[in-house]
Amino acid sequence: MGTTTPGMIEPSGGPSASLPRRRFAELLLGTGFLATAAAFIYPVLRYLIPPKAADLGADSVVAGRVGELKPNSGKVFRFGERPGLLIRTSDGQYRAMSATCTHLSCTVQYREDLHEVWCACHNGLYDLNGRNISGPPPRPLQSFEVQVRGDEIFVRRREG
Amino acid sequence: MDTWQSNLCPLLRARLLLLAGALLLSGLSYGQGKDSCLDCHAALPDPLGVSQEKFSHDIHAQKGLTCASCHGGDPNSDDPDKAMSRKAGWKGKIDRKQVPGLCGSCHSDPAYMRQFNPSLRTDQLSQYKTSVHGKRLASGDSKAAVCTDCHSVHDLRAPGDPASTVNPVNVANTCAHCHADATYMSAYKVPTNQMADYSKSVHHDALAVRGDLSAPTCTTCHGNHGATPPGVASVANVCSTCHVFQSQLFDASAHKEAFTALSLPACVTCHSNHGIVHPTDEFIGTGDKSVCTQCHAEGDAGYTTAAKIKQQLVQLTTAISGADQILGTAEQSGMEVSQAKLDLTQAKDVLTKARVAVHSFNSGRVESEIKPGLEIAAKDHEAGQKALAERNYRRIGLGISLIAIALVLVGLRLYIRQIES
Amino acid sequence: MSLLQNTRQWLDERLDWDDLIAPLCKKTVPLHRLTYWYFLGGITLFLFVIQVLTGILLLLYYRPGANEAFESVQYIMTKVQFGWLIRSVHSWSANLMIFTAFAHMFSVLFLKAYRKPRELTWVSGVILLFLVMGFGFSGYLLPWNTLAFFATKVGTEITAQVPVIGKPLMIFLRGGEEVTGATLTRFFGFHVAVLPGLATVLILVHLLLVQLMGISVPPKLEVEWKAHPAEKREIKFLPNFALRELMAWYVALGVLGALAAIFPWNLGVKADPFASAPAGIKPEWYFLFMFQTLKLIPAKVWFIDGEVLGVLLFGTVGLLWLLLPFLESDDPSRTKRWITGLAVFALAYVVGMSFYGYLAK
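Protein chains in written order, with this note's numbering: chain A, 18 to 177; chain B, -2 to 418; chain C, 27 to 387.
Hints may contain errors.
Claimed, not checked - Here are some of the chain B residues that sit facing chain C, going by a computed Cβ distance under 10 Å:
#, residue
1, Ser330
2, Met332
3, Glu333
4, Gly394
5, Leu406
As the list claims (entries may be wrong) - Simulated pairs of lysine-lysine, DSBU-like, Cα-Cα distance not exceeding 30 Å:
#, chain 1, residue 1, chain 2, residue 2
6, A, Lys87, B, Lys345
7, A, Lys87, B, Lys376
8, B, Lys383, A, Lys69
9, A, Lys92, B, Lys350
10, B, Lys376, C, Lys105
11, B, Lys345, A, Lys92
12, C, Lys252, C, Lys142
13, C, Lys258, B, Lys383
14, C, Lys296, B, Lys376
15, C, Lys296, A, Lys69
16, B, Lys368, B, Lys383
Since the hints were made in silico from the structure, they are not lab data. Ideal Cβ placement from N, Cα and C applies to all residues, glycine included.
If we strip away everything but chain A, and leave its shape as in the complex, we get:
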């Protein structure tokens, strides 16, 4: 700890002769403390402010807004890590299902002319309940629950 034994319990002398040095050290210290304090407070303050994108968890997402979809049309939305398909049928009802084709995982789409869900990769077809009705897909598309609350369309995984 240096050649002298600092902080020794002995009567200390008068104030050190190098006052400007001490001032400089204090200044440096003060600036440093302030800088580090700012470097901590800034992220923490930003953290405390909730982000715009609301987190609803993986079970429920807002797939769209009322009025966004015309009858007899569909749109692909993000549901967790995978795409989902929201359809508005000709009579105005909403249907939602997984958009990952069960054949080779291409993303399916809604066909207005066929009123069915179609996979462009190998011509697979599903009905509006997600059941595989033609082409190579071996299994139906997982269907989701749709709830309209206010002007938001919520899509949730089915229970059980």
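Following the hints, complete the assembly by docking chains B and C onto the known chain A.
This is chains B and C only, laid out in the frame that chain A set:
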């Protein structure tokens, strides 16, 4: 003992054995009503043996038919002479040439079959007569396949049964029984490498390995009862039952006319018939693995188009792998890029569609297909770059904080020195 | 009078402030070759404070529950401003704290600071070490990813090996027979309420005891200084030692920040209870030495089940560790060397087994 054995004549000995066996097994019979045929024949060795266990799998037995239904005779009598008498209608072993007619006597009768399964087809015999097997059999060749060769006999299972010889997953093995046997097929002028080729194919992989029952096996393209190879002119129609887009594009392309004129089978020329392997981008273009150069040479329009299409595919593939790479690096550095990675799968979908569009042999068409894919890949590449920029921003932030901390450390050091001097 | 002096007087008039902090002003730290090892306790305390602060911040966004936990951590890492920083600091600081806690324990062991009259300080410290490992174990599950899920499964399975009370203990920890969302809720309760409460009380006790007893001196030096009082070297705690300790804390802060920014803690894959365990599942590094030991014990030793033997062994060692000061004669000149030897062996064992466990398949 010796006297007993030597005193009895052989025939009597056989009959006593059969009677003993019959009595034993009738005690074990499942109470299905008297079936003296099975009682004896279950105890006999091959080729006369049919075990109760084996017969229990037979769908005809399950529906209530007996040995006598096909072979005739009297199943109520334990006396072999009475049971197997011509007077009782006993036919004995059915001659191969008689088999289709025998099976057809029920299976071509809709009124009869309606009692058991109204939705079962009843045209198998008439189809069979149009097939190569049927025609050869009619011309006197008894080596040709008959019903029992494919469907098995005495343990004949419904096609839906996974153990059935005619279940889709087993069909290729059943056909290969003869068609892969070079010795058996030596008299005919057909190759015997189809099974070997098919085993290497994507269709085999899908069906037998992944269990995808929508994948084709021999009967899908050749027919089952009316089994005949499609023929050069019509093989494309067979492929197009599943590969709709490719065949539509092909028919609209210049190749259709050219291939017809040259009597080339459409799909098979490039993709082969049995050994259809997973196509790669190497098939296209002017490289040494390409199929285009089989016909096209440097200088002709086709050669140029092939090169162009190849270049377009390479462009998209490179863009996707570039985006993939940068997203991978970003993820490795701890950045969260799951949304971009999800979007990239759509670009991969576009690549799949572009590879289908190749069958138009029109570079303009392929160009329009890859455009959306290139856009997505570019967007994702940008997202990756943004993620890396964010990473660098964090590192700069860290650097600044570390400088601030260094300031404090230096300040403390000096301050300590000061108060201790 | 300055603001500082005014405040001081205000406090003194109400709380007897001057008398309260007098011991702290008089406190000294022995000065010798190994003085710097005294930092370790303070650093552990500093990291604990960091954990509490970042933990509280995480609590503002984290949601316990099998169907929300992973997504909420993902939300923190991706959408919350500087969420990645708070979470990564929390994870890194946890690991660093466990490391410094172990280092602090070993340094106390080697400096023989556990001797009379500091036995209770040692006992409270060892219990704190166990609590800290409990913090690590419970906290690790909270992001609900595959690794955490299976590590918890394996870890709680091992507790079932304790004779008699093992199974009920496992069910208590898991909140059921299997590791489920109920386990997550329970571990969350342990991690943010039970363990912090216990730890805070014990830390206060531990610090109080340290203040009351003063800082210990290694035995040889103690003898020397007793014989020649003039050679005794000390440094004032306030401000000299404290300022140096502050430097150490700032270095720790810098290290933490660098680790969090350059190696952010990853999310993993969301846990799927029905998926099979990934190959070569291992617990976190601070459990590796125990895990590897259990792996090395043969399936059956004599008539005892290997795992039961292992668990009993660690239980016994833990108990003996807790009571270590009472196992040694308290006559300083007759301090047996055997505890030092044991300490060396223990350190070598923990380090060696941890590496072995890390490298093993």
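Here's how the hints hold up against the structure:
{"no.": "1", "hint": "Ser330", "in the structure": "holds (8 Å)"}
{"no.": "2", "hint": "Met332", "in the structure": "holds (8 Å)"}
{"no.": "3", "hint": "Glu333", "in the structure": "holds (4 Å)"}
{"no.": "4", "hint": "Gly394", "in the structure": "holds (7 Å)"}
{"no.": "5", "hint": "Leu406", "in the structure": "holds (6 Å)"}
{"no.": "6", "hint": "Lys87/A - Lys345/B", "in the structure": "holds (29 Å)"}
{"no.": "7", "hint": "Lys87/A - Lys376/B", "in the structure": "holds (28 Å)"}
{"no.": "8", "hint": "Lys383/B - Lys69/A", "in the structure": "holds (19 Å)"}
{"no.": "9", "hint": "Lys92/A - Lys350/B", "in the structure": "holds (20 Å)"}
{"no.": "10", "hint": "Lys376/B - Lys105/C", "in the structure": "holds (20 Å)"}
{"no.": "11", "hint": "Lys345/B - Lys92/A", "in the structure": "holds (19 Å)"}
{"no.": "12", "hint": "Lys252/C - Lys142/C", "in the structure": "holds (16 Å)"}
{"no.": "13", "hint": "Lys258/C - Lys383/B", "in the structure": "violated (61 Å)"}
{"no.": "14", "hint": "Lys296/C - Lys376/B", "in the structure": "holds (27 Å)"}
{"no.": "15", "hint": "Lys296/C - Lys69/A", "in the structure": "holds (24 Å)"}
{"no.": "16", "hint": "Lys368/B - Lys383/B", "in the structure": "holds (23 Å)"}
Checked against the numbered hints listed earlier, the structure breaks hint 13 alone; every other hint is satisfied.
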